[in-house]
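Once you've looked at the hints, dock chain B against the given chain A.
2 protein chains.
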Amino acid sequence: MTAPKRIGKQTVAFANPPVIIGRATVVGPKEGKGPLKDYYDLIAEDPYFNADTWEKAEYKFFEKAVQLAVEKANLTMDDLNYFLAGDLTNQIISATFTARGVPVPYLGLYGACSTMYEGLALGAMLVDGGFADYVLAGVSSHYSTAERQFRFPTEQGVQRNLSSQWTVTGSAALVLAAQGQGPKVTHATVGKIVDLGVTDNTDMGAAMAPAAFDTIKQHLEDTGREPDYYDLIVTGDLARIGHRLVQALAEKQGLDLSKNYTDCGLLVYDPSQDVHAGGSGCACSGVVTAGFLLQEMEAGRYQRILGLGTGALHSPISSQQGESVPGIAHAVAIEL
Amino acid sequence: MTAPKRIGKQTVAFANPPVIIGRATVVGPKEGKGPLKDYYDLIAEDPYFNADTWEKAEYKFFEKAVQLAVEKANLTMDDLNYFLAGDLTNQIISATFTARGVPVPYLGLYGACSTMYEGLALGAMLVDGGFADYVLAGVSSHYSTAERQFRFPTEQGVQRNLSSQWTVTGSAALVLAAQGQGPKVTHATVGKIVDLGVTDNTDMGAAMAPAAFDTIKQHLEDTGREPDYYDLIVTGDLARIGHRLVQALAEKQGLDLSKNYTDCGLLVYDPSQDVHAGGSGCACSGVVTAGFLLQEMEAGRYQRILGLGTGALHSPISSQQGESVPGIAHAVAIEL
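Chains as they are written, first to last, in my numbering: chain A, 1 to 336; chain B, 1 to 336.
The following block holds chain A by itself, in its conformation from the complex:
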């Protein structure tokens, strides 16, 4: 067994890069009309997905994504060593209720919308460290559970701020393996909290952008890579405002992110879909990564991607108490 290489301050270069051998995405009807519609495994006709509450619907999406990912990896649930999962609902009930159907050791994660990449980074460590042959990592989010929990119930018809983002309804699941065919997780840079004091909880892109930039910069420093080493650098859900802020921060510090930097929150919807600043939610980076990015890697269009999950780690009660919104971003390099 070879030891992982810890490089720089925050980065791990995996000795035996874990392979993504299975991936699945299940989305709602709005996402299914978006520009990436051909990349999803299943598009639900109705955001209720045959459940009688939004919360139950959310975990139906999650259950389906998990089943498909494990099937597509040619495994059964019993082959898995760990299930790492999280979502945005209070006490991450979507992840937990999904875990009732995954009869293996379960580790609940909370990184807000960064959770897909928190799971990928930790999952890759468990595989590379010799603790697992197969790790399933998954996330979900749902527009209607997120709106009523973090903002206003949709029934109330409150006008949405133009800086606000649209939570992606859906779920993504990935299977990491010690061996196999597929794109590999070569590096992980777990992020630190960056909190510049943003208190506007309808402008999450601005709250998360400094953390995203901090992790991108740290990853490049730690690995000695230039931005153009990657075909794409993709943040999770900064959307229009946050994406622009990251570019501005990069420009200020002499890093050229003008050519190959995009954001899942910009890719997931078409501007005509009236989502204001763009997409967000755990499933935003989840379905864009597990759907679009990995499929295009498998097809050979991209060789090297730096993906980042970005999270705004506040709660309604912390906002009511005047607290700012701490941001975080975890980066994972995926290479062929």
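Hint data in this document are derived by calculation from the structure and do not stem from the laboratory. Errors might be hidden in some of the hints.
Which copy is meant is left open, so a pair is good if it fits within one copy or across any two.
Listed next, the in silico DSS-like pairs over lysine-lysine satisfying Cα-Cα at most 30 Å (straight line) [said to hold, decoys possible]:
| hint | residue 1 | residue 2 |
| --- | --- | --- |
| 1 | K5 | K56 |
| 2 | K9 | K184 |
| 3 | K30 | K56 |
| 4 | K37 | K9 |
| 5 | K5 | K184 |
Using the frame of chain A, we list chain B on its own:
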């Protein structure tokens, strides 16, 4: 580098067992009058801890515990490679706000009251896997934040069910290291979800007991150890009802847990403190482990302990929607 040994279905035997080189506990006044009062590092005189809301108070406890644990390990925050943390508040804001003062890679966890042991198990894997020299793992809980979030605001004066438990106000933090002096984490058995359909959210002990027993049994099977290998087997917060249920389940399956099995929720308060079934919360297993158990190990009274964090993974909204309460338990063997 030696590979970790995966034994049986769910257990890891660490090749280089991580050492607990620092530990700290900060508790509220009620806990400070309990039977373990001499084991805590700091007892706050007031559960508000000089903050103006319960939520802000909770993270003051957490910040203090983290500072003390790092100091007691003779480290500075910058020496840490990862901070693994969680708590019971929605979106784990206590952990996140504490992480603002810990300038290192942060991974948020949610395992309800099992989180201290989720952090210990994962932290030990990160150290043993070669990903970290030092991992800080911590949790907090607060009676008043938990009551108003999960049940009723305390101001309302709602009568508490006799099966209900009292959430421990406090925080615990542990520093795991690749080398050093102290008790070692030799094994980890990460638990699966066990959900037997309990829907009474005032009886968490009953909801968690089957998961606790499942993990104890699996750990013993995987390691080939008998219950009496351990000086103590200690669950996290099953309290009076759950503790009895685990004993009953063990008896039924021919495992003798009558001599050395106890629960942190029974140890943390005196029955005269009117806590009904006993203690609970992330800080329950946290402060009993980081205070009492590890101090008694260091003093030589115990050589081998099997500790389990136990979690009830529900939310108020899932209970309102008629869902049952999934239970989980993660076991960690700590040996001299």
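| request: Could you place K5 and K184 in one of the four classes (within, between, both, neither) given a Cα distance threshold of 30 Å? | output: both (16 Å within a copy, 24 Å between copies)
| query | Taking 30 Å as the upper bound on the Cα-Cα distance, should K5 and K56 be classified as within, between, both, or neither? | reply | neither (42 Å within a copy, 39 Å between copies)
| request: Give the relationship of K30 and K56 under a CA distance limit of 30 Å: within one copy only, between copies only, both, or neither. | output: within (18 Å within a copy, 39 Å between copies)
| Which holds for K9 with K184 at a C-alpha limit of 30 Å: within a copy, between copies, both or neither? | both (22 Å within a copy, 26 Å between copies)
| Homomeric proximity label, K37 with K9: Cα distance no greater than 30 Å | Intra 39 Å, inter 39 Å, cutoff 30 Å: neither.
The structure fails to meet hints 1 and 4 from the earlier list, while all remaining hints are met.
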